[in-house]
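Visitor: Respectively, the protein sequence lines represent chains A, B and C. Each residue of the first sequence is one higher than the one before, counting from -4 in our numbering. Each residue of the second sequence is one higher than the one before, counting from 119 in our numbering. Each residue of the third sequence is one higher than the one before, counting from 831 in our numbering.
Heads up, none of these hints are tricks.
DSSO-like cross-link-like pairs, simulated, lysine-lysine; straight-line CA separation at most 30 Å:
1) C:Lys903 - A:Lys208
2) C:Lys933 - B:Lys145
3) C:Lys936 - C:Lys923
4) B:Lys145 - C:Lys836
5) C:Lys917 - C:Lys996
6) B:Lys145 - A:Lys106
7) C:Lys903 - C:Lys917
8) C:Lys933 - C:Lys917
9) C:Lys917 - C:Lys999
10) C:Lys917 - A:Lys208
11) A:Lys208 - A:Lys106
12) C:Lys999 - C:Lys923
13) C:Lys936 - A:Lys208
14) B:Lys227 - A:Lys208
15) C:Lys836 - C:Lys903
16) B:Lys295 - B:Lys308
17) B:Lys227 - B:Lys295
18) B:Lys145 - A:Lys208
19) C:Lys933 - C:Lys903
20) C:Lys936 - C:Lys917
21) C:Lys923 - C:Lys996
22) C:Lys933 - A:Lys208
23) C:Lys903 - B:Lys145
24) C:Lys933 - C:Lys923
25) B:Lys227 - B:Lys308
26) A:Lys208 - C:Lys923
27) C:Lys923 - C:Lys903
28) B:Lys308 - B:Lys396
29) C:Lys903 - C:Lys936
30) B:Lys396 - B:Lys295
31) B:Lys396 - A:Lys106
Calculated directly from the structure, the hints in this document are not laboratory data. Quick caveat, the model's predicted, so the values are computed rather than measured.
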Amino acid sequence: MADTSVADRPVRIAPVPRTQRRRWRPKSPATYLIRLVVVVYLVLLVAWPVALVATNTFDGGLDSVREVLEDPDVMTALRLTALVAVCSVVINTVFGVGMSLLLVRYQFPGKRALSALIDLPLSVSPIVVGVSLVLVYGGRDGWFGPALESAGFQVIFATPGIVMATAFVALPLVIREVVPVLEEIGTEQEQAARSLGASSVQTFWRITLPAIKWAVVYGVVLSMARSLGEFGAVKVVSGNVLGETRTATLVVEEKYLNFDQQGAYAVAFLLAMVSVACIVIVAIIRPKEEKR
Amino acid sequence: MTTTTVASGRPAGKRSRRSTTPTNLTKASGLGLGVAMLWFSLLVLIPLCAVVITAAEGGWSNFWTTITNEQTFSAIRLTVTTAALVTLINVFMGTLIAWVLVRDRFPGKAALEVLIDIPFALPTIVAGLVLLSLYGTDSPLGIDVANQRSSVFLAFLFVTLPFVVRMVQPVLEELEKDVEDAAASLGASKFTTFRRIILPSLAPAIAAGAALSFARGVSEYGSLVLLSGNLPFQTEVVSVRILGSVENNNLAGAASVATVLLVISLAVIVTLDIIQRKVASRG
Amino acid sequence: MSIEVKGVSKRFGDFVALDDVNVSIPSGQLTALLGPSGGGKSTLLRIIAGLESADAGSIVIEGVESTNLPAQKRNVGFVFQHYAAFKHMSVAKNVAFGLEIRKRPKADVARRVEELLELVHLSQFAHRLPAQLSGGQRQRMALARALAVEPTVLLLDEPFGALDAKVRKELRDWLRRLHDEVHVTTVFVTHDQEEALEVSDEIVVINEGRVEQIGTPDQLYDEPANEFVMGFLGEVTVLDNVRLRPHDIEVMVAPGDPLSTPGTVKRLLRVGFEVRITVATAQGDVTVLLTRTNVRQLGLEVGQQVWLAPAAGAHTAPVPVAG
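Chain A on its own, in the form it takes in the complex (with noise of 0.2 Å):
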């Protein structure tokens, strides 16, 4: 068989550079307008506010950081917080990524209606969240509270609210990126692990899950730093009690409340740069990935 002429020339896949592949133009005096308006927006309304948040945490040194951190009431926050969100990040990926599977591979009925519902919690006031949650499970008469009191669990001003809270507020976050996704990869190549041979379990661990990878990649990631932030449901859950159902956001506000400033920014940029390492963190893997 002496075809290797048949097509044995590799694909070259040099991605082109944008400046190429765009005719050159020359700009208008509008372009650079655009891009003045744009730029001073969003360093007035994000940029020079965020450095001002670090700068002021740094005016009288690293002390005040360093405070913070040997102050064992901000650690106890500080854990919680912690375990709270990697609580709810781990529930709200396997939520997510099963209900991505169902949502793209299954059909069912009331299947439209879920997809509308499950991006509720993005647009509902986390205040709501937190009264929707003490009104089902609250101790003294929320509808499931007593029973759930007196089988010895306790859910509101205790860690399970705060978890459930801070759930509830991300829970679309995986979802929304690996839906996408999902569709997008079709069904193909799970059919062909399916005719190779592989269960419906190897198939999705060696080839959905892979695929589908920097989907939940990002989902957590946002899910993350979404979860280290609640404050509002939070609030109305945990009864704020020193110590014990106190989180990071919550510290941050009482702080700065008693005019402890230095405090309150210590802690803010603790947890700001948690979000902003969250974000870059994206920026970083998502183009890398395109490319791909």
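Position chains B and C relative to chain A; hints supplied.
Guide: Leaving out everything else, chains B and C in the frame of chain A:
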């Protein structure tokens, strides 16, 4: 060799469509759906229903009295009008920002991309603090909006920044430059091309972004806590008002006002769904 | 018989994809499922593979009742039109997939992958990702992947449909030679009658969910069972109330044969070595295919008077009465 006229039509394009059609539930996936729905109901649906039911338990007149209470009504009016105004600005600025991010090229553009997402990722309480640092009492610019009505406007503007931008950006990226070139070759000016060709393609994305931005604005709470002072009749928004009722142990009152917010959220969700269907049918 | 399809029906909503289909596909041969797009041939192939379930009927593969067997237990190799390459795995990993699922020893897997990549001429690309291959190379990788598990039957769904004309032709020849080497029972779906005639041992013509005819390429071409098969396998023209192939018509420049039909040359269209001639007769236009040499010999020109008759040995069929 002959070639037929029958088969030389389009190559089978039907199959690929069929293979992406969702299948019916299997036993395992049915179980999965059951578990997922149970969790979704316990976490989201039942609690939200509880809000509406609690509000309804008091009867219509009670509900009406609660939401037309002078202080509550003033909070609703402030929230809705500010959110609407901010949405209007976002429609304009968001589209402009998306345009610059997609079509313009200059050093530092990548940093702008990151800036857009910061309001989404930043804890809202921190967002309030961030805004206070430039627009608070110690403002280096000499602008102090703390405890003013304009602080609500500023906070909404900050937290809703990403929505229109992030909806419009991908659509603008996919927009074929050919179409614009075609319009130009037919004699359309740059402005005409934008108005007649580009804007109609962006309209659904702008509308969707606007809906999300309005919903986010109406439901905002965290960023206002430190910034607005929560002064009744002055800077108190709906969410703060609801929290006030909760803290006074008036859950029924809180549920009534929360229902108003829920209705707005639902309206936004329905709007989004309709926009998405329209776009999908356009192909 | 290797694959027995009995009474298989399948609907998608209101659309009847397959209507009581019965086919027996012989062992060790290369069989084509031929028909127009949307005629149900791909659906039949997917039902054989277990990727789709039939509403009624049964499938037996090499004596094993497979109607209710899931895809992963049928031991069929399936090749997709759009390759279905596992994008995150190297070429070698793609080929090894089925073997790893079957938990074969590592050394065996490596050896088998090497053999197969050799067979499909992709040895030097073993560590590339599918995205770095051309369409033809990706399809050969998919073929190697399907063959790796030593399938009972190899099923190919429009395997060359997404490739450009030249590569398609080369791969088609190559598939034929590969089959002669490997001898696995192979079924492939195509809507291209030329591909089916050239490559396969046997052709099953499927249209509107029904089997129109089963036979060797020669049988189908020379003795089409009905109008549809005749029309689908090659061009048909009508001469003197008889349907026949345009290249089965003899052209004379002088009256002689009393049974010949007189006409006038309306148009001459040269396509490579062939010339398509449109002749206006009393019963309407007739298409005739001649070689360029023939046309020169006869000295045909537009407006010239000619006489047409079916060539000796041509397959002809009466024109069905309308209504």
